[in-house]
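So the protein lines, in turn, are chains A, B, C, D and E.
Residue numbering for the first sequence follows my numbering, beginning at 1 and increasing consecutively.
Residue numbering for the second sequence follows my numbering, beginning at 1 and increasing consecutively.
Residue numbering for the third sequence follows my numbering, beginning at 1 and increasing consecutively.
Residue numbering for the fourth sequence follows my numbering, beginning at 1 and increasing consecutively.
Residue numbering for the fifth sequence follows my numbering, beginning at 1 and increasing consecutively.
Now the in silico label distances, taken between C-beta atoms and shown as ranges: (1) E:GLY376 with C:VAL469: 48 to 58 Å; (2) D:GLY631 with E:MET374: 19 to 29 Å; (3) E:GLY158 with C:ASP458: 34 to 44 Å; (4) C:ASP458 with D:VAL667: 49 to 59 Å; (5) E:ALA8 with C:VAL385: 18 to 28 Å; (6) E:ARG160 with D:GLU584: 54 to 64 Å; (7) A:VAL60 with B:ASN55: 15 to 25 Å; (8) C:PRO273 with A:TRP30: 45 to 55 Å; (9) C:PRO273 with E:ALA67: 25 to 35 Å.
Computed list of chain D residues with no C-beta within reach of chain E, every gap over 12 Å: (10) ASP111; (11) PRO409; (12) GLY462.
The hints are simulated quantities; they were obtained by calculation from the structure and are not laboratory data.
Quantities reported herein were computed from a predicted structural model and do not represent experimental measurements.
Glycine is no exception: its CB is placed at the ideal position from the N, C-alpha and C atoms.
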Amino acid sequence: MGVLETVTFGLFALTTVGASLGVVLARDVWHSALLLGVALLSVAVHYVMAQAPFVAAMQVLVYVGGVLILITFAVMLTRGNDADSDADGQGVRQ
Amino acid sequence: MVGVTHYLVLSAAVFAIGVFGILTRRNALLFLMSVELMLNAANINLVAFSLHYGNLSGQVFALFVMALAAAEVAIGLGIILVLDRNFGGIDVTVPTTMRR
Amino acid sequence: MALIELPTWAALAPALVLGATALVLFLIDSIEPEPDTTSPTLLTGVGLAGALSALGFNVWYLIAGTGQTTAIELFGGQLMVDGMTLVLGTIVASVLALVVIASYDYIAEEPHQAEYFSLLFLAATGMTLLGSVDSFATAFIALELSSLPSYALVSYLKDNRGSVEAGLKYFLVGALSSAIFAYGISLVYGATGSLQFDAVASAVDPTALPGILGVGIVMIVGGVAFKTASVPFHFWAPEAYEGAPTPISAFISSASKAAGFVLAFRIFTTAFPIDAVAGTIDWLLLFQVLAVATMVLGNFAAATQENVKRMLAYSSVGHAGYVLIALAALTPQANPDLVLGAGMLHLLVYGFMNTGAFLFVGLAEYWDVGRTFEDYNGLASEAPVASVAMTVFLFSLAGLPVGAGFLSKYVLFGAAVGAGLWWLAAIGAIASALSLFYYSRVVKALWIEEPTEEFEIDSYPVGLYTAIVVAAVVTVLLLPAFGLASEEAIAAAGALV
Amino acid sequence: MTGAFDFAPAIALLPLAAFAVALFGGNYLPKRGALAGITALVGSLVLSIWALVTVAGGETYDADLYTFVAGQDTLSLHLGILIDPLSALMLVIVSLIALLVFVFSLGYMNDEDETGLPRYYAELSLFSFSMLAFVFADNLLMAFMFFELVGLCSYLLIGFWFREAGPSSAAKKAFLVTRFGDYFFLVGTVGIFATFGTGMFAGSESFPHMAEQALAGEHSVRTFLGLGEQAWFTVLGLLVLGGVIGKSAQFPLHTWLPDAMEGPTPVSALIHAATMVAAGVYLVARMYGFYLLSPTALGVIALVGGFTALFAASMALVKQELKQVLAYSTISQYGYMMLALGGGGYVAAVFHLTTHAIFKALLFLGAGSVIIAMHHNENMWDMGGLKDKMPVTYYAFLSGSLALAGIFPFAGFWSKDEVLYETLIHGFGGSPLLLAGYAMGLLAVAFTGFYTFRMVFLTFHGEPRTADAEDPHGVRWNVKLPLAVLGILAAVAGVINLAPVEKVTGIHLTFLHDWLDMAPDSFGTAVHHYTGDHGLMHEFAGYTAAHPLGETGTVLVGAAISLGLALAGAGLAYRLYAVPSPTEHTDKLGSLKTLLMNNYYQDEYQVWLARDVTLPLSRAADTFDQSVIDGVVNATSSVSLFAGERVRRIQTGLVTHYATLITLSLVALLVVFGYLGGWF
Amino acid sequence: MLLEALLASVLLGAGIVALAPNRYAGKLAAAISLVPLVGSLYLWSAFDGVANALLSGGEPAFETTIAWIDLAGYQLQWHVGLDGVSVPLVILTTILTTAAIVSAWTPIDERESQFYALVLLLEAGLLGVFAALDFFLWFVFWEVVLVPMYFLIAIWGGPRRKYAAIKFFVYTNVASLAMFIGFIALVFGLGDSVTTLGLPEITQALQEPGALGEFAGLGPAALKAAAFFAMFAGFAVKVPMVPFHTWLPDAHVEAPTPVSVLLAGVLLKMGTYALLRFNFTMLPDVAKANAEIIAIFAVVSVIYGALLALAQRDLKRIVAYSSISSMGYVLLGLIAYTVHGLGGATFQMVSHGFISGLMFMVVGVIYNQTHTRMVGDMSGLADRMPVTVGIFVAAAFGYMGLPLMSGFAAEVLIFLGAFPSTVLPGAPIFTALAMFGIVIVAGYLLLAMQRTLFGPFSLATDYELGRAPVHDVAPLVVLLACVIALGVAPDLFYGMIQDAVRPILELGGGV
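Chain A on its own, in the form it takes in the complex:
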């Protein structure tokens, strides 16, 4: 039990951290948004493991169902005329 838990935790911890890193490192905002979803979902798994299923449910509903959709929406709205957003970090300052 303990080992399995630990392994699961480790696995999802890696997912969480990896996805989070992906969020901040991805060049494309789209990818970031998607990876954010992954990260948030894996966090929800941690909640379940920490015996907080309700919180986990809310995490899925609020974050994935609300926040992520909003962000996606915003990406769509702003992407067209945001030439710089793809070349984040290396963009040329006006």
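Guided by the hints, dock chains B, C, D and E onto chain A, whose structure is given.
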């Protein structure tokens, strides 16, 4: 056995990644997403400690944080949209009309 | 006593009234579905009524002594009402009333006025609630409740690049800060297993996990530092204040700052009393460092500004530094009532004088006279009454006895000296002297310089004028009547420590 | 009983009233206020004489009349009147000469249609007030006050013709130089008050008396700076002497007096010859009991006096302006008085003071008469031959000149002789220092004889050398009357103290001595208190008289030598200048003449001190002040603003920078406080 | 309630004048200022105060005490009253204000109502400073004085008025802050033994041995010394003393004449008054222990200030620097700790108030006619304006300490007091050094007078020089009369001054 410490490390890592994102990315949306990561890091702590102490206030607070994070995103997106409209983009380093 | 018959939740009446007013404003707006057809006068009137009744409740409760001997606890200790709550409520409601009146003219040409007012009242509700929080959970909620509408209000002029930029920066720094704050809370929860202030204090175990508690406390300091525009979380302030619609600048820089400080006072006296956490973190020293940094940075940066509003913004940072003395000086030898009370008093007086100063800038913007010092040259000949008021505000801010700012500032410095921190007072004094220099630049422009060009002033906005004059009168009258305010503020502070 | 002393304050206050009348009403009065002054001074003179008579009757007066400052548990300051023989005599002299000068002014000023006459008479009245009040002052502070006031009047009157550059400059110089002396006087006064708690001149509560007791060990006083009583009293005496040197134009503070001749001549007569300049000497005489306690101070007085007598006389030898000669002669004569005081000749000094007041006032008024006649040309080389055209002036002037030169039997002979005699006998009596003073005084006698008669001959004898001298402007009774009065007095005033005659004949003729000896014992100002067998001079100053040739012999030889020298000087002048067309024989002195004409460059070094030392010093201070002290102030503000400029640059406008700074600060705080809190 | 009525009348008057039309403002202000003038003279005649208001046994006259603010253990009060030190200064203030107002009729020709209102406001502040007996109340007045002064210099001043005004403003404000910190540290050091910020209570508590506890790591002695020097520095700026004086010449030169009159006449006295009240009454032991240092300050101020005056060409600057010099005497008198030292110092405050006011006013009258104040730009003025020049000469001699004018009495009393001081080692030397100031003062005043007033008439500016109008000359005459009256009868004030300063000497706390 997964202890509080593990969660603490995890949350710290997520928090740090969020901070890293804020510091390195210029896209307003990514800024927002990084903040979400940081808030989630807080939530991981809260839930984990809630388990540790066996009281629910941590979980309850985590729920509030979620709700407020959502509200924050909503407001933030609104601002980002007007930013986009006024400055033709969502690069946070562009609006510097008030430097000095 | 009639108050006894009221239910305990009625102690929250000021916040409730403000929240209700926000909803009423929404309601009024929705009665007329066509956008922007609702009478501004009606909106202002309702808003004013709401603000004044909130003010009335606060003053009434203060006089009646509600919650001042023993705090009224609500919702299982999540909220409470005591003297500090009411003093903060008074500050917020007063500033709100002034801002509402001033906004009548300032946003006369703008769309979405009902939303503007509603957001204003929601923010005010959050700020008022910040005075009655008794747990980190409610603290976070109230903080966000006051911040979120503020973000929107700052970028209310959505076609104005300055306003949008201000809103963006405010929002981004705010989001970062709230995340830090939340994380700090989570760590404190981790270290103590509780979110309720009293419980945190009693659960603090200096031996266990000192790092987690310490990091948590520092992060919480960060959260309140953002709210109070203290260094290093002040970066949003100059730009948000400069870009925001001026009444909003006034509101945020006065009321919001006061709310942040009251929260800080409560957290650090109730949840982290220095005796309990001294082994972990000497937050006295932390606040001393922050106070010095804030005073110096705010005042020095203000000294060389060209834009009046931005100068006021930086000066607002500087004033946050003064009030930080109230926390920094809670040393063992200090008279804690006096120290905290002095901080409260300064916030109260600052509420009027700073609001008034910003509203004068709003008046100038209303007349399109420009934003720099030079643009104000000779304005006194056109608007003597407002200029007198502005002079009162500025000199009072600088600590000259034309208004109560003199007393509050010197009581604060005196309290610092009383705490043995004469050097802190000395740094404050130097900063204060510098502030006299830059405040008097405005006065000089108004009264002494010759106008560079003709002013085109064709109307004298009633609302703005009223607000400015009222603020000036209160600022002046608080000087002789300081005793009334100080009694309440010190009693409230005394209840806290 | 109403007596003279009840009216004593009026002696001074009458001229004060005249001051107010002349100042405010002068323009509406006949003679522009002169009559008010004359009336007041007649009153003063009458009262003074009445006081003199009363004193002669054996009464004296010493009273505090007005409490200037009533000290609580500390010293009080009073204004009071001391009338003893000395002050009574001086009151008469001053009021008499002042009255005569007022009368003379009618001719000198009114008849010449000068403007600003009310001012003139007001100032002259104010001077009379101050001088008279100074004379009867009963304490040192009051004396100082009126000493200063006469200085003010001197300043105002020298600068009377303010539209010209010269008088105002001279006035400034006069005031400044005397003020420099007064500075020491004031320090001394303050020191005396601090030491004794009083500044009274006479009586058992007076400071000379207390000092005497202190030295006798009967009473102790507080001294300062760790000095013993004797040394401290010497310091005090020398400090007060500073004022004396300034006011009485003694070396090295004599330079103002020749310049002061820029003032109207009656003013020169009154202030810069007869009265104010005498104030210094009078002051020493007034507090002689104090000086007698300090041999050092006495020695200094004597040397300063002797040297000044000679030094000034040498400069008078070559002057070309009438009044300049008189000015240097005045300095020289006051040197004699100082010599007398230093040499233990108290009576001699007062005697010479008296006679000098008369004959010098006379000479100045005579010079004024000449100047009127010469249409305000003062150069003696432009004169000549005036003897026949203005006989009254001439004879009066001659009388004064004989007195000045010390020719028997004119007043000056007696007094000067007594001065020299007293110095000589005390010099032989064990104070060899005085012999040096005596030698200088004696040499000066010859000089005096020469320059006096050079002046007389150049002015009145020979042929007229200019048109003005050919046809001088006439003078009226108001000029002649004072000249006549003074001329007679100059001839006969010596009778008041014919000491040599007494010594030779044994007939008692030293009336002045008796007079000054009449002061009551309680005052401690009587002559026998100073010079008697148990007098201070003997007990404290250590002076004893010695007569190398026997008493009579010494008197006669001394008188003969000085008379011989005076005659020799006068004779030389006669040879050189009593010719129809004299030439400037002093040219033969060559570079010495240049030196003398330039007053030994005394003015130059004082001007250098003022202009090339003090002014540059003050400019340097100003530069220092502007650049360093004010520079620091301004730099503080510049640095603050520069720092502000730097600080505000932190706000770059880039929100990512803000986030970075926030994070870094937070991390820094965490690290620091973590370290302090021991988290790691 | 007399004092309150007086203050209220001035404040009310300021309000009325502010709203009056410009044309009548001057006359109206003059008329209004007669109220406090007459009132203060009545106060003088009815004065019945005993001893020093701050010390035990002292009973101030016209005392009122009303609780004002309660600050956690410290009560601030409206506490006013007069003793022998403050009455003369109050009278000085009222007389000079009226004189200044009348003298402003000619030079002030724009925004008159504002000008006169500010002058009255200034008067209110000054009166408050001299009357207040509660620290905070006193401090309010102390600081409020800055505000009208700032405007008066900055609006109606000369070409560099803005620089001068802000320099004055900030410099003196910094000084106030230093002083404040020093004083408050002392109060807290007293701990529970004081419950109000009443100056008498604090002063008396400080005299109790052992009342002062350890505070902020400083022992009682160190605390006293620190507080003393903080306050000393603060007041030294106001006085001003070298090297804190550089704001003064700038302020004086730029200020319009009536303002210079008040600045030199009364404002500087605030500094010495405060020194007397705070440093020298509250902390005599520290003063005595550091007597030499203070005396050096005094002497340097006297001599250096006078030297600076000698180097100036601007008549106003000359008088300004000479004020620094004259204020040095006050300090010398204070440190002597003798009746005549303290009393003479106080008397000098009053005397110098009148004389320097008079000097500035005369210079102002000349400026009104010639439009220049530069020594080289004019000469022989006596020819054209004899009365004014006469008064100039009288004033200058008053400044030089001519007997029978108040300056002499003041200086002589100071010297008489300082010379035998037992507190100050080497007192005779210090006194003698300071006294040399009387020579230098004569030097620069005579030099300036010779160059400007005498000699052949000439004027570098294109103005038709005429006689000054009567209302310009009248205040001069009034002030000159005051100077002479005080010079002839110093006891008009000196008796009550002695009553008030004598108890200071009886304080314990020897070195």
